[in-house]
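A.B. asks: The lines below spell out each chain.
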Amino acid sequence: MRENKRIIHVLVAICLLFFALIAYLTYFEVFIKGDILSNSYNRRLWQREEEVTRGRIYDCSGVLLADSVKTGSKPERIYPYGRLYSHVIGYNSITYGKALLEAAFNDYLLDIKGRNSIFKFKDRLDERKEYGYDLHLTIDHRLQELARELIGSRNGAVVAMNPKTGEILAMVSKPDFDPNNKSLNQKWEDLVESEDHPFLPRATQGLYTPGSTFKTVVSAAAIENGMKDIKFEDKGTVTIDGKKIRNTNGKAYGTIDLTRALAVSSNVAFSQIGVKLGNEGLHSLAERIGMGKEIPFDIHVNKSRFPYGEMGKTDMAAVGMGQGKMLVTPLHMAMLTSSIANKGVMMKPILVRYTANREGLREKEWKPSRLYYTMSSLTAYRLRKMMEEVVKNGTGKNAAIKGISVAGKTGTAENELTADSKDKQHAWFIAFAPADDPEIAVAVVLEYSGSTGGKLAAPIARDIIKDWLAR
Amino acid sequence: MLKLLGLKQPVVLIVLTDIIAFILLYYYKKPADHYILLTGLLVISLIITTYFIIVKRRLGDEYLFLIVSMLVSMGFAMIYRLDKYMGSRQVVWFAAGIILFFLSYTFFLKIKILEKLMLYYIVVSVLLFGATLVLGQSIKGSTNWIFIGGYSFQPSEVIKIIFVFTLACFFKRSDQVIFGSIRLGFEKLGRLYRLAFMSVSFMFMGFLVLQREWGTTLLLFLIYISLLYVLDNNTVFFLINTAAAAAGGVAGALFVNHIKVRIDIWLNPWADIAGKGYQVTQSLFAMGSGGFFGTGIGMGRPDLIPEAGTDFIFAAICEEMGIFGGAAVVLLYFILTYRGIKIALSVKDVFIKTVALGLTCMFGFQTFIIIGGVIKLIPLTGITLPFISYGGSSLTTSFIALGILQAISQISSEGERSEEIAGE
Amino acid sequence: MCYNEVSVMSFIYDLNLNYGGAGVFEVLSSIFKYILMTVIYLFIYAVIRLIYLDIRSVNAQGKGAGKNTPYLKLINRRENLNFKVEETYGLEGNIVIGRSDKNDIFIKDPYISGTHARFTQREDQFFLEDLGSTNGTLINGEQIGSRPVSLKDGDKIHIGQLDFLFVKKSK
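Chains as they are written, first to last, in my numbering: chain V, 1 to 471; chain S, 1 to 424; chain Z, 1 to 171.
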């Protein structure tokens, strides 16, 4: 019967509808749910908070940086040092959600996996007191305090790390905010709308032109491309592709070799090196040092950018000097500095050293591991020598410490504001010490500082290194 | 091995499911509630008894009730878990439903003039509509509830079934009874037949629109258009109807604020998470928290879902029984629909065929509409998930419809037999 | 049976008393969720399987729906039987009859063997042979062996508890 045929059509239609339901359910489960579950309106996130005491967070020597206190039935997160760790630990708020380490390590702090594991059911049957795991960071509290004090009222970031292990010793971003709940609730609107963007962790997510600090890796590329003995006639300016390129204040340095060029931060020399390295050489350099690559870290790090396709001579010159369209994060620069200090081996940055239970028994450890080689160890050695010269006889004199050999590089980066107004450059300084057996590497950047790296940023690096090495 | 445990028998599997569910529920809340075990026993006995009555006395298709009892069992697990009292009331409705199931079965088989009572159907519907509009209370945005002495009842549930019968009368074209021996013949209508058909149908839908029951309106329309597609030969008429409905739908979407709001929160519920988008977003959170196997009964937070026992019960199932649980529910409804279609295919009489098809479409489309809305595949509407959602009106009318379907399956198998005996 | 149930119940009751609280429940729920899913899907599978088998047997019967195909007609009264059996079974080509689901015609009569007998067709003629069944196959009261015996219209076939009439209309 004709009707029967059509009834089958209806069946097929309903079948397709049901199939769409199942397909969408699966699609939702696989693709969509991850993004929405951490929404702060999902009260399931908070159910765990009420059952379990959230783990504490300590620095490397046992200073308490975050604690959970139960006021009545509601748990409250207390940060005794407030703003100091706002861009490392983040915050834990019922209204506004979780940020940075509090979010990334939520599973550990609340021991979520332990709860759901069938293998731990014996523990659950006993219904013991419930604590999450404590985090023990690599950060050194004293150094962190010092770094923040040194930045003062300026905006920017300081990252100090151990070049051999990748441990982050200090990480400060300014501006910062008070992550304690009371203050957060009061000030949220202002913080969100402020033009300074206090919620942006500059150390890991701020993107800046590296400026002359980039000349270090350009030098490495030059050395590895047979230019280690190159000499330039520096008359203060040079014209490339019709554009005039000048040294700072137009100073002429005469005949200079690579070491001297780096020490005085000669734009004339490095712009030409950039052109000599060419399109391939520069792209290869960018690749080797990790531009555009994901940096695996305990909290999110923005990727550094090298947005060039086929480069013209002007671009090559700019890149050679560390200007142009490149952007780097302070953490990335610290990691690069560390790799130079560490014989060309870039170590994976670590913020959380281990987790432990209340009794102190370590549960999970993160050991140092290698990321990749940015340059050969011979090149790193040569570059180190050059950077020592920067501090001894070049633009980095402000970073010199009596009795200790410091290797460093200044940077004064042009940016989107410097085209229209003076005094808006970013002031950079990167350094490591002691040069022959480095124990600490530092990257400092001061936003729109209106001065040079040598003047403002170098002393900060010096004081941090001094304090660390004195212990 | 499976055979030894009788596990190939679906009935055994349902009993097993219920045992597992009720044991979990027993332990769920402290202090342990012994009544739950009794209730579990009651449910299991009801299912086993009804199933064996159907099989032993050859009362037609045996799969219909099997599938429905699995659905009901899954529903019990969730409803009981949400609220003990809701759960026990649902069991009472289940028992009532089974009685109604047998009653409507007998009724449909015995009473022959059902195809001639269209005018009565229409009058009853209009009266029910009228009563709802006058006496009805608006709950959650739609005026759909009548309260009589402490019990609430949704007339739109009954009207769905009456609608199917009305349409079936139209297709059968028997002489309709007015009073005593006064008849109304379809030939009298002549060319007005189609017009009358369309008007009556859209009148039903219109009343629901007045009540702001968008879900049921959509459902009636889908049933209407499917029956039209199958049974009518006039392509033009079909297209006119589709166009009219499309126009109505678009107009609604553009001009009616309630509908506009529903579409907005369907497209982006996150824009107003705390307000209008609350239901959908909480439902999505719940679904996402379960993973493929669910959190386990009692381990999730379906209590955070608004309307978790009624319209959004599917989200609760997805949270605690996982995506696999949700998929199982869809599969079960699919098999139910398939059985209904098979029954519709196997009867010859137009009236009975239409009733079977109409009721099957009712189950199928209703399921799709509410699940689709809950998971945000389509905009949300307020209708229940048949057999699973908590609610006396919903459960009992679903069982009445099931009883009719069962009766039709009996008619169909009797018809087969008489064919065989007559020998080709 | 009863004793086992009682001991299971008291074990569960005991568990609740001694450990009590959320601990037991969570363990139970976490383990049971997998079992529950398995049971539910087994159910769906079982139902689908039964439906499929139904369709297959209807088709086997329906195959003989043509006017001239021979068929088996059941003589017993169905109401007296505990198992499901159709009134007619169409015969075409080779058909194996037995209790197992794997056969073309399966009937859950306990007196019918797993694979009981086979119908074969050669051109216009139909034959029946016994496949080593326990209770034997009879044509018109006489037991047949494994040698195919030809069938003619009106033959009475006895298999298990069932009596069939072999109907073959001549052209």
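A hint or two may mislead.
[To be verified] Just a few of them, taken from the derived set where beta-carbon distance is under 10 Å, the chain S residues facing chain Z:
(1) Ile23
(2) Arg58
(3) Gly249
(4) Ala253
(5) Phe255
(6) Val256
(7) Ile259
I should point out that these hints are in silico values taken from the structure, not numbers from a laboratory. Keep in mind the model is a prediction, meaning the values are calculated, not measured. Virtual Cβ for every residue (Gly too), placed ideally from N, Cα, C.
A.B. asks: Evaluate each hint against the coordinates.
C.D. replies: Comparing the hints with the structure gives:
{"no.": "1", "hint": "Ile23", "verdict": "holds (7 Å)"}
{"no.": "2", "hint": "Arg58", "verdict": "holds (8 Å)"}
{"no.": "3", "hint": "Gly249", "verdict": "violated (35 Å)"}
{"no.": "4", "hint": "Ala253", "verdict": "violated (37 Å)"}
{"no.": "5", "hint": "Phe255", "verdict": "violated (44 Å)"}
{"no.": "6", "hint": "Val256", "verdict": "violated (40 Å)"}
{"no.": "7", "hint": "Ile259", "verdict": "violated (36 Å)"}
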